[in-house]
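Given next are the chains, with one letter for each unit.
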Amino acid sequence: MAASAPWIRAIGILISAAALSACSNQQIINKINLAQTGSYDLAGDRVKTAVVIGEYFKKGETKIVLLDTESRTAFDMIPKLHAKSHKTVQYGQLRMIMFGRSFAGQGIGSILENFFRDSKVSSKLQLAVAEGEASKLLAATLRSNDPLYAMNLIEDNMRYGNLPHRAFQDTLFDYFGEGRDFYLPSLALDRGELNIGGIALFKGEAYRDRIGINEAFILKLLVENARDGSYTMPVPNARPEEALVIRCISSKTRMRLLRKAPVPAVELGVKLNVVLKDIPRSLRVATDRDLARLESGLEQELKGSITAFIARCVKLDVDPVGFGDFVRSRTRGWKEKPFYAAYPSLRTDVKVDLRITQAGVGKLGNILTR
Amino acid sequence: MTEAAGRERYTISSIHLLCVMYVSIVDVSLMGFQREVVNDAGYDAWMSVLLAGLGVHLLLRLIFGIVSRYEPSNATIVAINNFCFGRAVGSVLNAAFMAFALLGAFLTYRSYLEMCKLWIFPTMNFWPFSLLFLVLLYYAVNGGLQAVAGICFWGLLSSLLFVAPFSMMLIPYLHPVNLMPAFDHSFAEVMRSSKQMAAQYIGFEVLLVAYPLLQHPSSSRKWAHAGVLLSTCMFLWLLLAAFMYFSRGQILHTIWPTLNMISVLEIPLMQRLEYLILSIWLIKILANISLGLWAVCHSAKLAFRAKPRIVLVVCLLLFAVLQGAIKDLNDIQPIRTLYNQVGLWFLYAFIPLLFVLTWLRRRKRISPLKYT
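Protein sequence lines, in the order shown, are assigned to chains Z and A.
Per this note's numbering: the first sequence = residues 1 to 370.
Per this note's numbering: the second sequence = residues 371 to 742.
Partial pick of chain A residues on the chain Z-facing surface, computed with a CB cut under 10 Å: (1) 488; (2) 545; (3) 617; (4) 622; (5) 625.
Think of the hints as simulated: they come from the structure by calculation, not from any bench.
Note that CB positions come from ideal geometry on N, CA and C, so glycine has one too.
Kindly produce the complete structure, drawing on both the sequences and the hints.
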């Protein structure tokens, strides 16, 4: 090859260049419609789909448009939207999908599986359930002029709020995996603005029930090492209308299998460091002993909430925490069916170890900081 | 030119042998072998990787045991077949070996094209790309084993620089609890999955062709073993990562678990890392295919005195023709199954047979025949 004549090389380079340019399949941003947020709703016996499209003109200038369409199936969203758009609709940057509650009630398994098969759909896609109609929520985000408004809202609440860190891959993990049920953030409209209403619990592929944003903190505590999130709870040994807010700084939950069969029993050890955010005046914490008493009061309170939350999941026959998966990891020859047959009588023993690390920078009464 | 210097021009150093071994073992299957081994042994399949790796180390000992009994300049599978089975049968076996190596190279080539097609460019016309690829292959293989080993070096480097560190970025997404409880499968299940895993190692038999071209045949053993060990580590890490990343049901729905895992990563300026990985993977695939093609051409030269360049052109034309005949992944799968079957018989039955035959002949004190 070393002795090949220059003209042979030139031809080689030309061929390579031609071939390489033929390989490029370029799509320029202002020549396409980039679908970034989408929604699925039921409309009678038909499916209504919508996408928010960001039209990019110049740097920093965006106009966002809502395109919607109706069809007999949920699968032809993109081709139907193509027919409505003067530029090609590309969904490689699809980052957020909302399901209307009635649509989610019918099951979203086939949509999850189709998205999973499609290499264009990112593993970081966010999914959510809308209280009511998803396309209405989508329309409410148009004012923000941000095609990813809903995604940013959710991801922000995962980082700093009560939502556990989840994305499409985690949902698939739970959906396909044994001994788990997936859950999605639940979105609602509050005075015309989009807000996080809580968490929607699923059984198999279908929506089962939702929990409020306060309870979502309990779920976050159980499924991950929560870095942030706050929980409103009644003040121990006080009148019931008095409430305080704890903010979690760090947490860790350990599960221990007490008994495998016939009735599985699991011990949950929840450790958390909290900051007392908002305390009623009546709460006096003057000495170390007061602080210890407050801590144990909060522990009791939290233990009650966690037990109640698990009882609710068991009653709904959903397993968002993944007790099944946990028992599987400790049991040889674990089978899903017998476990969930025994699930209603699942015993849990909750132990809470709560430490108050700080209460704001100002002095509150004589509160002692550690 | 002295004879030593002349030899120097065609031989490869021991460290290149490491690259050659690694590249010959790790091919496109690295992107999706997890799904194949999980069928039988579930999430205990990591044992299969270790067992299969151990098997390859043993085979490597056998191969070195075989070739070291022949004159170094003549210790190729071509000469050994002719010596053990006679000229006529030996020629048939040599032709079969070449067909097998060619099929392996073609499968890698076609699978890679399919992967690009499914992941990045579903609507692209593949002729321009494959034409360029074939020209590249001609250029690489025509340079002889030294050129191929050079590309193997870059292939190894691309693996170590890209696939390994990026897969480390997956650690936050892993669920170690997936691996428990360990040893939840029977011995038979683990053995069945080891068989699947052993098929992923097919390719290192290229050593049987390249051995005479090693600079230091005796000291290269440890480098060959190091190459196999490195591939075992790579397989093991990507297997464990996939097992911890996907839940049991999910991995069965995934065609290429490795690519799928990498797609969750994002780095600044690149949202879809798997596109980058798949493009860089081209070097690795190029090295793997050229190695197979080189083995075919070199054996053809030794066995039938064919001109390597002509054999190469015929092979590449065959690639171009066959590539159109195979429509999609469903067409590739049965061929791969066949290839794996034949490969396993070749590795685990034929090589031990060669070893025994070589050993018997030696006891009869017949000195090796010389073929050129």
